[in-house]
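Number of protein chains: 2
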Amino acid sequence: MNTKNQVKRTEIATLGEFGLIETIKAKFDKLINPTSIIGIGDDAAVIQAKENEQILLAADMMVEGIHFDLAYTPLKHLGYKAAIINFSDIAAMNGVPTQITVSIAISNRFSVEAIDELYEGIKAACSLYQVDLVGGDTTSSVSGLIISISVLGFVKPEWVVKRSGAKVGDYVCVTGDLGAAYMGLQVLEREKLGFIADPTIQPNLEEKDYLIQRLLKPEARLDIIHQWKEQNFIPSAMIDISDGLASEIKHICAASNVGVQIVYENIPLDPSTQNTSLEFNINPSVCALNGGEDYELLFTTSAENYLKVKNNPDITLIGHIIEKEKGCNLLTENGLNIPLYAQGWNHFEK
Amino acid sequence: MNTKNQVKRTEIATLGEFGLIETIKAKFDKLINPTSIIGIGDDAAVIQAKENEQILLAADMMVEGIHFDLAYTPLKHLGYKAAIINFSDIAAMNGVPTQITVSIAISNRFSVEAIDELYEGIKAACSLYQVDLVGGDTTSSVSGLIISISVLGFVKPEWVVKRSGAKVGDYVCVTGDLGAAYMGLQVLEREKLGFIADPTIQPNLEEKDYLIQRLLKPEARLDIIHQWKEQNFIPSAMIDISDGLASEIKHICAASNVGVQIVYENIPLDPSTQNTSLEFNINPSVCALNGGEDYELLFTTSAENYLKVKNNPDITLIGHIIEKEKGCNLLTENGLNIPLYAQGWNHFEK
Numbered sequence: 004m005n006t007k008n009q010v011k012r013t014e015i016a017t018l019g020e021f022g023l024i025e026t027i028k029a030k031f032d033k034l035i036n037p038t039s040i041i042g043i044g045d046d047a048a049v050i051q052a053k054e055n056e057q058i059l060l061a062a063d064m065m066v067e068g069i070h071f072d073l074a075y076t077p078l079k080h081l082g083y084k085a086a087i088i089n090f091s092d093i094a095a096m097n098g099v100p101t102q103i104t105v106s107i108a109i110s111n112r113f114s115v116e117a118i119d120e121l122y123e124g125i126k127a128a129c130s131l132y133q134v135d136l137v138g139g140d141t142t143s144s145v146s147g148l149i150i151s152i153s154v155l156g157f158v159k160p161e162w163v164v165k166r167s168g169a170k171v172g173d174y175v176c177v178t179g180d181l182g183a184a185y186m187g188l189q190v191l192e193r194e195k196l197g198f199i200a201d202p203t204i205q206p207n208l209e210e211k212d213y214l215i216q217r218l219l220k221p222e223a224r225l226d227i228i229h230q231w232k233e234q235n236f237i238p239s240a241m242i243d244i245s246d247g248l249a250s251e252i253k254h255i256c257a258a259s260n261v262g263v264q265i266v267y268e269n270i271p272l273d274p275s276t277q278n279t280s281l282e283f284n285i286n287p288s289v290c291a292l293n294g295g296e297d298y299e300l301l302f303t304t305s306a307e308n309y310l311k312v313k314n315n316p317d318i319t320l321i322g323h324i325i326e327k328e329k330g331c332n333l334l335t336e337n338g339l340n341i342p343l344y345a346q347g348w349n350h351f352e353k
Numbered sequence: 004m005n006t007k008n009q010v011k012r013t014e015i016a017t018l019g020e021f022g023l024i025e026t027i028k029a030k031f032d033k034l035i036n037p038t039s040i041i042g043i044g045d046d047a048a049v050i051q052a053k054e055n056e057q058i059l060l061a062a063d064m065m066v067e068g069i070h071f072d073l074a075y076t077p078l079k080h081l082g083y084k085a086a087i088i089n090f091s092d093i094a095a096m097n098g099v100p101t102q103i104t105v106s107i108a109i110s111n112r113f114s115v116e117a118i119d120e121l122y123e124g125i126k127a128a129c130s131l132y133q134v135d136l137v138g139g140d141t142t143s144s145v146s147g148l149i150i151s152i153s154v155l156g157f158v159k160p161e162w163v164v165k166r167s168g169a170k171v172g173d174y175v176c177v178t179g180d181l182g183a184a185y186m187g188l189q190v191l192e193r194e195k196l197g198f199i200a201d202p203t204i205q206p207n208l209e210e211k212d213y214l215i216q217r218l219l220k221p222e223a224r225l226d227i228i229h230q231w232k233e234q235n236f237i238p239s240a241m242i243d244i245s246d247g248l249a250s251e252i253k254h255i256c257a258a259s260n261v262g263v264q265i266v267y268e269n270i271p272l273d274p275s276t277q278n279t280s281l282e283f284n285i286n287p288s289v290c291a292l293n294g295g296e297d298y299e300l301l302f303t304t305s306a307e308n309y310l311k312v313k314n315n316p317d318i319t320l321i322g323h324i325i326e327k328e329k330g331c332n333l334l335t336e337n338g339l340n341i342p343l344y345a346q347g348w349n350h351f352e353k
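Residue numbers (the numbering used here), protein chains in the order written: chain A, 4 to 353; chain B, 4 to 353.
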């Protein structure tokens with residue numbers, strides 16, 4: 004008996020495509036969002052429109068080897084994160100997500116149990132955010148795992164926040180702290196290399212919990228979106244931070260036809276992000292500005308409206324909007340004012 | 004000078020992900036559906052709900068090597084078809100598609116020009132059906148091409164047609180003719196094998212135009228859906244034929260808790276489907292029953308309501324709904340009544 008194989012492994016071929024769909028359907032049979040009328044099982048899901056609200060629609064695709072490495076990404080976390088990054092797109096429009104469709108392509112390397120873990124993660128995210136999985140597709144892949152999710156949400160027309168609404172003089176704010184997911188990735192990549200060099204060594208993840216959690220189990224800031232409804236606060240422009248602060252603020256500036264002045268010292272960093280970046284000989288500003296996958300909200304607001312949110316400890320003022328001609332600049336800790344460089348993620352760079 | 008390389012080839016890396024998104028955005032900048040408020044370019048698209056209508060949402064994924072072979076599938080046709088199969092899902096609910104999101108994963112084997120062809124095909128389908136491409140994702144892939152589309156549409160609540168509404172005594176009908184796409188696939192597979200054996204031979208596609216067109220450039224039967232609105236006709240159950248008649252009617256029977264009696268001789272086959280199947284030594288019933296990708300509509304209706312559509316030359320009565328206990332049966336041309344066997348597509352079978 005091979006003790007390594009005590010984890011149950013059922014081949015997907017034994018279930019077939021319809022069998023696999025049935026197990027997924029059973030997991031999401033109970034619809035939780037009041038707008039979900041018909042979920043999985045017909046040619047399309049049926050969703051009740053919300054009175055006086057507009058519909059939001061977005062989609063994201065995650066590819067193994069590009070967006071995630073299964074060597075250190077548990078499938079349940081991957082499913083959770085794949086759902087969250089879609090919820091975050093809806094939050095970035097100041098809306099609330101209500102339904103998703105999930106399409107996956109999987110090679111026969113994956114067992115039924117592995118796919119079940121993936122959907123358990125999606126289900127955990129859906130339960131927490133009151134979103135229903137109402138459709139999608141399952142197919143085989145010649146190589147790795149691909150997860151493609153689309154998300155539907157609702158927002159009142161007067162609440163829609165675009166990237167293009169920033170005005171000269173507006174304040175620039177972020178929720179939470181930045182750069183932790185990027186440092187979490189560095190930690191896990193280091194452990195992976197260490198494991199390849201010597202598989203007997205135990206991972207050294209002391210005090211890295213927060214960073215790893217930020218990478219593997221991010222959250223969408225719907226808590227903030229719901230708070231704002233109560234405070235009657237609407238940002239002038241907003242985007243979620245998936246590619247790093249520098250890249251995202253440049254999207255806002257381009258869409259709004261303005262420039263920006265960011266003050267480096269104001270960018271919120273968790274102490275563990277700061278400490279670990281020094282340990283890795285990485286300038287902490289790189290984590291904050293060019294590290295991605297924080298899924299925090301970056302928004303602008305008039306100085307007057309800012310008063311409504313300034314006492315929220317989860318919101319930090321990091322700069323202000325200036326004329327387009329003045330450019331997009333960063334005031335460094337040394338007092339230098341330098342142009343912001345948006346590295347972002349470029350999947351197609353060689 | 005290499006004459007083979009006169010087709011322009013721009014590497015995606017020279018454009019980068021943002022450059023690629025900009026070229027796609029430019030292609031779909033002009034929104035054509037009145038419900039599209041904000042398209043590509045923000046975190047999510049904004050769509051105006053239609054008064055007194057429900058929302059339909061579906062998704063499909065196409066994987067190179069599983070769903071298509073680029074050896075004989077022009078990218079423009081592939082884009083067209085990827086959009087059409089999604090529109091067809093909305094038609095199968097008796098609704099009208101209005102928006103899609105398109106996510107693609109591509110390896111660096113594809114040039115900017117190739118991706119442009121793909122989106123030209125999607126645009127052609129969108130223009131014809133008055134649908135807007137409002138979002139999506141572009142990423143790189145380690146191997147082939149993956150296209151994941153989600154589609155949103157609208158339908159009046161009283162018009163929604165599910166798979167589950169078929170009643171004992173209802174008539175079973177199909178639109179158009181069946182099996183042609185399957186024979187088109189056989190023809191192209193034969194030509195591919197011929198080309199591999201001897202690259203100098205010219206393809207022999209005489210009189211196969213219709214079959215190949217049905218495979219490479221299918222249509223969604225929105226024409227029928229619009230006609231029915233005018234005739235005030237609503238089927239009792241409906242599904243679109245993507246996996247072959249046998250498989251699809253079984254889905255209706257399972258969802259409706261009924262059985263079915265199909266009469267083989269009534270199944271509409273184009274003469275070229277019939278002739279080519281004989282040429283290939285394939286029983287024509289295999290094309291009709293188990294060949295997929297016709298994207299015709301399979302529906303049931305009460306005998307009384309059938310009168311509204313019986314004069315439509317594009318609709319054929321092929322059987323009727325019976326008690327569940329009597330099973331799902333096919334009356335063959337030899338007068339034998341045999342159980343329907345649904346082969347369908349099983350991507351996960353070894």
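Think of the hints as simulated: they come from the structure by calculation, not from any bench. Treat the hints with caution; some may be incorrect.
Which copy is meant is left open, so a pair is good if it fits within one copy or across any two.
What the hints assert, rightly or not - Only pairs whose alpha carbons sit at most 35 Å apart, straight line, appear in this in silico DSBU-like list of lysine-lysine:
{"no.": "1", "residue 1": "Lys313", "residue 2": "Lys170"}
{"no.": "2", "residue 1": "Lys311", "residue 2": "Lys33"}
{"no.": "3", "residue 1": "Lys159", "residue 2": "Lys311"}
{"no.": "4", "residue 1": "Lys329", "residue 2": "Lys195"}
{"no.": "5", "residue 1": "Lys33", "residue 2": "Lys170"}
{"no.": "6", "residue 1": "Lys195", "residue 2": "Lys53"}
{"no.": "7", "residue 1": "Lys30", "residue 2": "Lys311"}
{"no.": "8", "residue 1": "Lys30", "residue 2": "Lys329"}
{"no.": "9", "residue 1": "Lys53", "residue 2": "Lys329"}
{"no.": "10", "residue 1": "Lys329", "residue 2": "Lys33"}
{"no.": "11", "residue 1": "Lys28", "residue 2": "Lys327"}
{"no.": "12", "residue 1": "Lys79", "residue 2": "Lys170"}
{"no.": "13", "residue 1": "Lys33", "residue 2": "Lys53"}
{"no.": "14", "residue 1": "Lys30", "residue 2": "Lys170"}
{"no.": "15", "residue 1": "Lys327", "residue 2": "Lys30"}
{"no.": "16", "residue 1": "Lys329", "residue 2": "Lys28"}
{"no.": "17", "residue 1": "Lys28", "residue 2": "Lys126"}
{"no.": "18", "residue 1": "Lys33", "residue 2": "Lys327"}
{"no.": "19", "residue 1": "Lys195", "residue 2": "Lys313"}
{"no.": "20", "residue 1": "Lys313", "residue 2": "Lys30"}
Just so you know, these numbers come straight off a predicted model, no measurement behind them.
So, going through the hints one by one against the coordinates:
{"no.": "1", "hint": "Lys313 - Lys170", "in the structure": "within (19 Å within a copy, 62 Å between copies)"}
{"no.": "2", "hint": "Lys311 - Lys33", "in the structure": "neither (39 Å within a copy, 37 Å between copies)"}
{"no.": "3", "hint": "Lys159 - Lys311", "in the structure": "within (20 Å within a copy, 41 Å between copies)"}
{"no.": "4", "hint": "Lys329 - Lys195", "in the structure": "neither (44 Å within a copy, 59 Å between copies)"}
{"no.": "5", "hint": "Lys33 - Lys170", "in the structure": "between (45 Å within a copy, 26 Å between copies)"}
{"no.": "6", "hint": "Lys195 - Lys53", "in the structure": "neither (47 Å within a copy, 51 Å between copies)"}
{"no.": "7", "hint": "Lys30 - Lys311", "in the structure": "neither (41 Å within a copy, 41 Å between copies)"}
{"no.": "8", "hint": "Lys30 - Lys329", "in the structure": "between (54 Å within a copy, 31 Å between copies)"}
{"no.": "9", "hint": "Lys53 - Lys329", "in the structure": "neither (43 Å within a copy, 43 Å between copies)"}
{"no.": "10", "hint": "Lys329 - Lys33", "in the structure": "between (54 Å within a copy, 31 Å between copies)"}
{"no.": "11", "hint": "Lys28 - Lys327", "in the structure": "between (51 Å within a copy, 23 Å between copies)"}
{"no.": "12", "hint": "Lys79 - Lys170", "in the structure": "neither (41 Å within a copy, 42 Å between copies)"}
{"no.": "13", "hint": "Lys33 - Lys53", "in the structure": "both (20 Å within a copy, 27 Å between copies)"}
{"no.": "14", "hint": "Lys30 - Lys170", "in the structure": "between (46 Å within a copy, 29 Å between copies)"}
{"no.": "15", "hint": "Lys327 - Lys30", "in the structure": "between (50 Å within a copy, 27 Å between copies)"}
{"no.": "16", "hint": "Lys329 - Lys28", "in the structure": "between (54 Å within a copy, 27 Å between copies)"}
{"no.": "17", "hint": "Lys28 - Lys126", "in the structure": "both (11 Å within a copy, 33 Å between copies)"}
{"no.": "18", "hint": "Lys33 - Lys327", "in the structure": "between (50 Å within a copy, 26 Å between copies)"}
{"no.": "19", "hint": "Lys195 - Lys313", "in the structure": "neither (41 Å within a copy, 66 Å between copies)"}
{"no.": "20", "hint": "Lys313 - Lys30", "in the structure": "neither (42 Å within a copy, 41 Å between copies)"}
Of the hints listed earlier, those the structure fails to meet are numbers 2, 4, 6, 7, 9, 12, 19 and 20, in rising order.
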